[in-house]
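Novice: So you can see what is in the structure, the chains are spelled out below.
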Amino acid sequence: MPNTDSQHGHHHPASGQPSGREQLPGIRHVIAVGSGKGGVGKSTVSVNLAYALQQIGGWIGLVDADIYGPTIPGMLGLPTGRPPEMTPDKQKMVPAERNNLKVISMGMLTGDDTPAILRGPMVSKYLRSFISDVQWGKLDYLILDLPPGTGDTQLTLAQSIPLSGAVIVTTPQDVSLKIARRGLRMFETVHVPILGIIENMSTFTCPHCGKATDIFRHGGGERMSRELGVPFLGAIPLDPEIVTCGDEGRPIVLDKPRSVAAEAYLAIATEIAGRLEGHPTAALKPFQWNWDTGEGEPAWVERGARPAGSRTTAIGFRRRDARTLSVLWEDGHQTDFDVRDLRLACRCAMCLEEMSGRPLLDPKSVRPDVTPRTITSVGHYAVQFTWNDGHSTGIYSFEHLRALDERGAVEVAEDV
Amino acid sequence: MSEELPVDPAIGNADKHQRPLAPSLRAGRQQRLPGIRHVIAVGSGKEGVGNSTVSVNLACALQQIGGRTGLVDADVLGPSITGMLGLSTGQPLEVTGHRKIIPADRHNLKVISRGMLTKNDDPAILRAPIVSTYQNMFMASVQWGNLDYLIVDLPPATGDTRLTLARNFSVSGAIIVTTPQDVSLEIARRALRMLEMVQVPLLGIVENMSTFTCRHCGQDTDVFRLGGGERMSRQLGVPFLGAIPLDADIVRSGDEGRPIVLEQPKSQAAEAYLAIARELAGRLDGGHSFEPLRALGGDRAAAQGAEDV
Numbered sequence: 037m038p039n040t041d042s043q044h045g046h047h048h049p050a051s052g053q054p055s056g057r058e059q060l061p062g063i064r065h066v067i068a069v070g071s072g073k074g075g076v077g078k079s080t081v082s083v084n085l086a087y088a089l090q091q092i093g094g095w096i097g098l099v100d101a102d103i104y105g106p107t108i109p110g111m112l113g114l115p116t117g118r119p120p121e122m123t124p125d126k127q128k129m130v131p132a133e134r135n136n137l138k139v140i141s142m143g144m145l146t147g148d149d150t151p152a153i154l155r156g157p158m159v160s161k162y163l164r165s166f167i168s169d170v171q172w173g174k175l176d177y178l179i180l181d182l183p184p185g186t187g188d189t190q191l192t193l194a195q196s197i198p199l200s201g202a203v204i205v206t207t208p209q210d211v212s213l214k215i216a217r218r219g220l221r222m223f224e225t226v227h228v229p230i231l232g233i234i235e236n237m238s239t240f241t242c243p244h245c246g247k248a249t250d251i252f253r254h255g256g257g258e259r260m261s262r263e264l265g266v267p268f269l270g271a272i273p274l275d276p277e278i279v280t281c282g283d284e285g286r287p288i289v290l291d292k293p294r295s296v297a298a299e300a301y302l303a304i305a306t307e308i309a310g311r312l313e314g315h316p317t318a319a320l321k322p323f324q325w326n327w328d329t330g331e332g333e334p335a336w337v338e339r340g341a342r343p344a345g346s347r348t349t350a351i352g353f354r355r356r357d358a359r360t361l362s363v364l365w366e367d368g369h370q371t372d373f374d375v376r377d378l379r380l381a382c383r384c385a386m387c388l389e390e391m392s393g394r395p396l397l398d399p400k401s402v403r404p405d406v407t408p409r410t411i412t413s414v415g416h417y418a419v420q421f422t423w424n425d426g427h428s429t430g431i432y433s434f435e436h437l438r439a440l441d442e443r444g445a446v447e448v449a450e451d452v
Numbered sequence: 207m208s209e210e211l212p213v214d215p216a217i218g219n220a221d222k223h224q225r226p227l228a229p230s231l232r233a234g235r236q237q238r239l240p241g242i243r244h245v246i247a248v249g250s251g252k253e254g255v256g257n258s259t260v261s262v263n264l265a266c267a268l269q270q271i272g273g274r275t276g277l278v279d280a281d282v283l284g285p286s287i288t289g290m291l292g293l294s295t296g297q298p299l300e301v302t303g304h305r306k307i308i309p310a311d312r313h314n315l316k317v318i319s320r321g322m323l324t325k326n327d328d329p330a331i332l333r334a335p336i337v338s339t340y341q342n343m344f345m346a347s348v349q350w351g352n353l354d355y356l357i358v359d360l361p362p363a364t365g366d367t368r369l370t371l372a373r374n375f376s377v378s379g380a381i382i383v384t385t386p387q388d389v390s391l392e393i394a395r396r397a398l399r400m401l402e403m404v405q406v407p408l409l410g411i412v413e414n415m416s417t418f419t420c421r422h423c424g425q426d427t428d429v430f431r432l433g434g435g436e437r438m439s440r441q442l443g444v445p446f447l448g449a450i451p452l453d454a455d456i457v458r459s460g461d462e463g464r465p466i467v468l469e470q471p472k473s474q475a476a477e478a479y480l481a482i483a484r485e486l487a488g489r490l491d492g493g494h495s496f497e498p499l500r501a502l503g504g505d506r507a508a509a510q511g512a513e514d515v
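Chains as they are written, first to last, in this note's numbering: chain A, 37 to 452; chain B, 207 to 515.
One chain only, chain A, in its complex shape (with noise of 0.2 angstroms):
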């Protein structure tokens, strides 16, 4: 994985990068939306990606950097065969718009029919003017809809545009996984940081029936993310809506904002925003951890850390002593605990009436020496512990742990 610099190509562009990466005005965020091999949705999901980020407030600007066969104008219903207009100076192209989306592609310039013959360089050439000859105003988040596969394009792509960071989307099977799992490796290859994984034509639930059928497998992309160590963003539906939505122009986030499907888009999209307005490389991988044996200890990176870092989001744990648990968080924050103090703060079901937030654990009944036997990353925002009493279905967000510093609910040695 790239280091911490890297992460923020366009904020440091010296460092390390290799000469030929442009600086992008006014463009704050360039995300590149990847596949390993094509026809897993890519740009289905760019389209709806975009729309869902618009959504969650950002301008937003498309390329259809799939040159070889551009698809999204038909999704999109923007007319094809038609180049893009140029300002008055003549210096750069006026990208289309839909639905306050601005859009460029070369099915703009082809038209339908016309086969994209192209040859690798020629087609590095079009892609570089398609990013940088665009008026594309001020955006927030530009989406590259790039062609599938981990050749010239994408190459020459990932090395000469400061990317913020790439999606990479999949399917849940097997050879599709493998295919995703080379496309990860070279954007890693060429220093672009992973926004995570997001698996599309997930469960199909039979409009007949209401039961569920795994046609492309099961459970891929999250297997993927948790062996690679990036993060699962999440799963979309296959759902003939999607795809009848697509054909007729009309992405099912704006077409049907209530759909299963559409949720799955916002809430990836918040996801993104996230890590991109956050500070991505500080966040953990997901860790198992043995708290005797010291094995699958997460990360401490204090230069992780940043004033403006979030105070919720922890970067770092580690065993300060048998009994007392350190976090690092985000804004640069310590906190150690007492781990029987974490232990009597357990929200679990068991442990705290639901309804009233009554404490259903009575603090004697816990032992002295209780100790964590593993601590278990859960998503980006909690962990789990397993107790040597047995005990172990308490989840503490990161939001709670945090608060439980804050009140002083807890004794805190603060080693600040």
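Take the hints with a grain of salt, since some may be wrong.
Unchecked claim - Sample of chain B residues lacking proximity to chain A, with all beta carbon distances greater than 10 angstroms (derived):
1. K306
2. N352
3. Q387
4. P407
5. C420
Said to hold, decoys possible - Among the chain B residues that face chain A by a calculated CB cut under 8 angstroms, a handful are:
6. E253
7. F430
8. G433
Keep in mind the hints are simulated off the structure, nothing from the lab. We put the beta carbon where it would ideally sit given N, CA and C, even for glycine.
Start from chain A and add chain B according to the hints.
Specialist: Chain B only, in chain A's frame:
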């Protein structure tokens, strides 16, 4: 970014002698592969429509109806056929005394894929000329023996492959794989034109991921819409070869290295493949002429006529 050698060091051993492995191709001249009766290219305008799944199952089906069949995974950047046939990976290829690569033999299919050389996770970041070198080598420098059919599973429409293949080798015909939906059809149409521009005759269209039948209630859903392949074959005046259902068993059997045509020969999917294979065999050996379809769209009748002869 370092580029790999045109020939994997894994092939053969002395790098001095790597060069003879690459076929000697004269520009502008099509090479007929000795001992191979028909080279059939399987392509699509876009990836992920199941091109490799169709190639593998079609090869198995052609073999089931009695043809000696070989399979080239021309998708050098993203080879997936090794997984679908359960072939071992990361092994150096064996080479004969005459410096021909010995293909893998699986289910009586002769197979060559770059996936056999690499580990699955190796990133394939190769420049276009190297990709072409691999493809030419996989066609011309492999000890195929006598074959009735050599199926070439083309990579997605990145242009380069089809150009090289059609320029260098005599291809009996091409099959276009598409899904039923519109977006994908636009792309398949593009692929058709591309093949026509380089004068490869079209054998027809296969619609993959067609109607899904729920195994719980038995009812059909057209997940990726309906009938696009047939519509396109009418519009373009090329034969419609058949529709393969969207089926979780095809996906699973492919992942497990046992193609559905062999694993569940009585299934609806397998029968669809066998029917397509019979149709193809009839067309290729039944005295039809396979002139390249030059007329397209504008002159559908002529195209239809050529096909009906």
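Novice: Please go over all the hints and tell whether each is borne out by the structure.
Specialist: Here is how each hint holds up against the structure:
1. K306: holds, 28 angstroms
2. N352: holds, 31 angstroms
3. Q387: It is violated; Q387 (chain B) is separated from chain A by about 6 angstroms at its closest Cβ, not greater than 10 angstroms.
4. P407: Fine: 17 angstroms to the nearest Cβ keeps P407 (chain B) off the interface.
5. C420: violated, 4 angstroms
6. E253: holds, 3 angstroms
7. F430: holds, 6 angstroms
8. G433: Not OK, violated: G433 (chain B) not within 8 angstroms of chain A, min 13 angstroms.
Checked against the numbered hints above, the structure breaks hints 3, 5 and 8 and satisfies the rest.
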